[in-house]
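Protein chains in written order, with this note's numbering: chain R, 1 to 411; chain X, 1 to 364.
FYI, nobody ran anything at the bench for these hints, they're computed from the structure. All of these numbers come straight from a predicted model, not from anything done at the bench. Among the hints, a few may not be true.
Dumping the calculated DMTMM-like pairs for lysine to aspartate or glutamate here, alpha-carbon to alpha-carbon at most 25 angstroms [to be verified]:
1) K190/X <-> E77/R
2) K377/R <-> E132/X
3) K201/X <-> E291/R
4) K344/X <-> E291/R
5) K142/R <-> E132/X
6) K173/X <-> D184/X
7) K22/X <-> E291/R
8) K378/R <-> E187/X
9) K79/R <-> E197/X
10) K167/X <-> E132/X
11) K22/X <-> D369/R
12) K377/R <-> D402/R
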Amino acid sequence: MSLFSFCKAMAEWTADYMLIPVFNFQAGLFPPFSNPAGDIADWLETDGGLNTLAWLFAVNIAFAIGMTNLIIVIHLERKIAARIQDRRGPMLSLRSFRELGEDLAGNSPSWRFKQNYAGIGILQNMADGIKAITKELIIPAKADKFLFTMGPIIFISSSVFLLVLFPLSDRFAASSAPAGLMVIMAAFSIAPIGVLTSGWASNNKYSMIGGMRSAAQLMSYEIPLLLSMAGVFLLAGSFDPVTIVEQQQQSTWFFGLPMWNFIPQFIGFIVFMICILAEVERVPFDLPEAEAELVEGWTTEYSGIRYMLFLAAEYIRGFAGAAVCTILFLGGWAGPWPVPPEVWFLLKVYLILIFWIFIRWTVPRIRTDQILELGWKKLLPLSLINILIVIFMVEIYPYLSDTLTLLPEVF
Amino acid sequence: MAEMWISMGPQHPMTHGLWTLKVKVDGETIVDADPELGYLHRSVEKMGERRKYFMNTTLTDRLCYASSTTWTHCYALSVEELMEVEVPQRAQYIRTIMLELQRLASHLMWAGAYMPDLGHITGALYFWRDRELFLNLLEAPSGSRLLYNYIRIGGVKRDLPDGFEQKTERILKLFEQRLDEYADLFENSKIFRMRTEDVGKFTAAQAQNLGITGPNLRGCGTKFDLREHDTYEIYDEIDWDIQTREAGPGYSDCFSRYMVRIDEMRESIKIIRECFKKMPAGPTMASKIPVRATGEAFRRTEDSRGEALMYVVGDGSDRPYRWKIKSPMFTTISACPHYLKGYKVADIPAIMGSIDICIGETDK
Numbered sequence: 001m002s003l004f005s006f007c008k009a010m011a012e013w014t015a016d017y018m019l020i021p022v023f024n025f026q027a028g029l030f031p032p033f034s035n036p037a038g039d040i041a042d043w044l045e046t047d048g049g050l051n052t053l054a055w056l057f058a059v060n061i062a063f064a065i066g067m068t069n070l071i072i073v074i075h076l077e078r079k080i081a082a083r084i085q086d087r088r089g090p091m092l093s094l095r096s097f098r099e100l101g102e103d104l105a106g107n108s109p110s111w112r113f114k115q116n117y118a119g120i121g122i123l124q125n126m127a128d129g130i131k132a133i134t135k136e137l138i139i140p141a142k143a144d145k146f147l148f149t150m151g152p153i154i155f156i157s158s159s160v161f162l163l164v165l166f167p168l169s170d171r172f173a174a175s176s177a178p179a180g181l182m183v184i185m186a187a188f189s190i191a192p193i194g195v196l197t198s199g200w201a202s203n204n205k206y207s208m209i210g211g212m213r214s215a216a217q218l219m220s221y222e223i224p225l226l227l228s229m230a231g232v233f234l235l236a237g238s239f240d241p242v243t244i245v246e247q248q249q250q251s252t253w254f255f256g257l258p259m260w261n262f263i264p265q266f267i268g269f270i271v272f273m274i275c276i277l278a279e280v281e282r283v284p285f286d287l288p289e290a291e292a293e294l295v296e297g298w299t300t301e302y303s304g305i306r307y308m309l310f311l312a313a314e315y316i317r318g319f320a321g322a323a324v325c326t327i328l329f330l331g332g333w334a335g336p337w338p339v340p341p342e343v344w345f346l347l348k349v350y351l352i353l354i355f356w357i358f359i360r361w362t363v364p365r366i367r368t369d370q371i372l373e374l375g376w377k378k379l380l381p382l383s384l385i386n387i388l389i390v391i392f393m394v395e396i397y398p399y400l401s402d403t404l405t406l407l408p409e410v411f
Numbered sequence: 001m002a003e004m005w006i007s008m009g010p011q012h013p014m015t016h017g018l019w020t021l022k023v024k025v026d027g028e029t030i031v032d033a034d035p036e037l038g039y040l041h042r043s044v045e046k047m048g049e050r051r052k053y054f055m056n057t058t059l060t061d062r063l064c065y066a067s068s069t070t071w072t073h074c075y076a077l078s079v080e081e082l083m084e085v086e087v088p089q090r091a092q093y094i095r096t097i098m099l100e101l102q103r104l105a106s107h108l109m110w111a112g113a114y115m116p117d118l119g120h121i122t123g124a125l126y127f128w129r130d131r132e133l134f135l136n137l138l139e140a141p142s143g144s145r146l147l148y149n150y151i152r153i154g155g156v157k158r159d160l161p162d163g164f165e166q167k168t169e170r171i172l173k174l175f176e177q178r179l180d181e182y183a184d185l186f187e188n189s190k191i192f193r194m195r196t197e198d199v200g201k202f203t204a205a206q207a208q209n210l211g212i213t214g215p216n217l218r219g220c221g222t223k224f225d226l227r228e229h230d231t232y233e234i235y236d237e238i239d240w241d242i243q244t245r246e247a248g249p250g251y252s253d254c255f256s257r258y259m260v261r262i263d264e265m266r267e268s269i270k271i272i273r274e275c276f277k278k279m280p281a282g283p284t285m286a287s288k289i290p291v292r293a294t295g296e297a298f299r300r301t302e303d304s305r306g307e308a309l310m311y312v313v314g315d316g317s318d319r320p321y322r323w324k325i326k327s328p329m330f331t332t333i334s335a336c337p338h339y340l341k342g343y344k345v346a347d348i349p350a351i352m353g354s355i356d357i358c359i360g361e362t363d364k
């Protein structure tokens, strides 16, 4: 059973037992007046209405799963970073509530947290969220107020949009488009516009330089990124994630081992990994918010929940970037039987994310001119070489092998 | 983009203290720079003229929070020359050990502050973790972790505690291992070298004209160290080398300045070990220290950041008539337009971090 058929059943049940009776009741409330409630009830009985409702459920489920993953990713980043740096990381957890009622001095009741070092810090995200919500939203006096509020909306909505675009398995997809990966990359590329907008609207020189850097960075990584993906599309003959993963499952190597795309297209895999790091703006490519020289870059003037959502959106983009990498090069949800494919998919995504966390805390940040040089002089030729290899594999090699097998017959 | 002035500071992550760097940028390229100092001026020299000679060691401790022993030592040396006090041999050895421990702690403080400038937070935590070890060592004889007030006029406050040598040896061994580990993380890292090599270049001649001294000068390949060229304490009795690096023929960049400090830390370890080997027994304080002094004296020492110079004039009273401090960082920061022009905005923290700023001693 796929996610959509599950949601369809849920939608049918909801429509039959909850929505249609309610709308029909409302339609009958004021007989002399025309009431749209009856029309809605009629629409919900049709196939189109039920499908719309089912998509709504599916999107919400995907969003909830994405947000849960976001919390796990943030927590993972904190703990692993702390371990790399010889620290312990956040410790505030449910166990810290044990002392509720009386504090260490024996005075009761008290709301103090117990100082213990046994928790894993799962309450830290909650504490951060509460702190961010309760802080004041400051709009600088000379800022462009409309664009200042539009910037976060563009950035965050385009990032959250990503969550529903990639499938967790062939049966667990909130959206299915023949050009799925193109839509994902298009959604990825909206965010720099938001960065540029908020950088300019802040009326702050640091923010503006940060926004400009984001645009310059876009110029440098976007072309090699899409070219390195082109190899995969050529091999699979489709933009559809499901088709791409099926192609990877079917192609085998020695001993019947699956040949996922990162083996034949190793160059493309490396180029893609570097470019997607730049795409999701993580160290060493987090130039727009370089805190050493630009204070906080384009987010300098933002406060409270807006700043928190910027951070959250960056992690969502990181998660989505790792998911795209998994689909394209690591065989997506393919894996041995007893583990469900959705879990395989998430495991691979987390593997990439942990790799990124290690990179983030072991290398310094590179410079704007260096990333342009890297993108145009090194990654672009490499991605073109990758495409050449794929063209050889797809077009020339079968023809060549056919010719070679025909040769003895000719002579 | 048109040219514009950006004011970095006095509160900015790049500044490492209170000062303002005004840079004129054309897009991302620096066209002009204008450093502004004086936000942290505490008139230490004037305050010192109202205090007795021995009281001033508390002021000199507060000149630089990262390297307080070296400044107190410079003051003690100049006042000892003014008063013609003979420091006992053992006290000289202890002073040398403390100075080198302080140099290690100061260079580690610098390295830890330099890494976040390049966007490398882990480096900061690693180096500051190691700095704690040396703070523990400095704490053992002096009793405090930041402002030691251990070196006094005529000697040191008290003798080294029991087991200090073994403790030091243990920490030095651990630290040497860690320095080797860090080589892979920093100087062999491709991205670290991309950020530091060929950035913030100045030649040795330029450095001498602009008054840049210390590790920044030795990063140009110039073999100049006051520990040898205007020797004090027992540096002439100990076998050690001046560490130099150069990025190219006669000029330095951020990477050579980084490496020269790493080399100096290894050399300091060598000096400390040798001091312990040769240290004689005896008193740690001169037997007779006069309260009043007449005449003038000036001594210069090799601070962790360059050439520290103090000039003291006595008029026969128990307080200095005039006290002048020359800070190495004041000249180095003032020269920053010469080595900032032409680089990118992202290079500003990389360059200004690499010269090891300490605003406390700069503004006095």
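Do the hints match the structure? See the list:
1. K190/X <-> E77/R: holds (24 angstroms)
2. K377/R <-> E132/X: violated (44 angstroms)
3. K201/X <-> E291/R: Holds: K201/X and E291/R sit about 24 angstroms apart, inside 25 angstroms.
4. K344/X <-> E291/R: Given that 25 angstroms is the threshold and the Cα spacing comes to 15 angstroms, the pair holds.
5. K142/R <-> E132/X: violated (45 angstroms)
6. K173/X <-> D184/X: holds (18 angstroms)
7. K22/X <-> E291/R: Answer holds: K22/X to E291/R is near 18 angstroms, not above 25 angstroms.
8. K378/R <-> E187/X: holds (23 angstroms)
9. K79/R <-> E197/X: violated (33 angstroms)
10. K167/X <-> E132/X: Roughly 14 angstroms between the alpha carbons, so the hint for K167/X and E132/X holds.
11. K22/X <-> D369/R: holds (22 angstroms)
12. K377/R <-> D402/R: Outside the cut-off at roughly 37 angstroms; violated.
Hints 2, 5, 9 and 12 from the list above are not met by this structure, while the remaining hints are.
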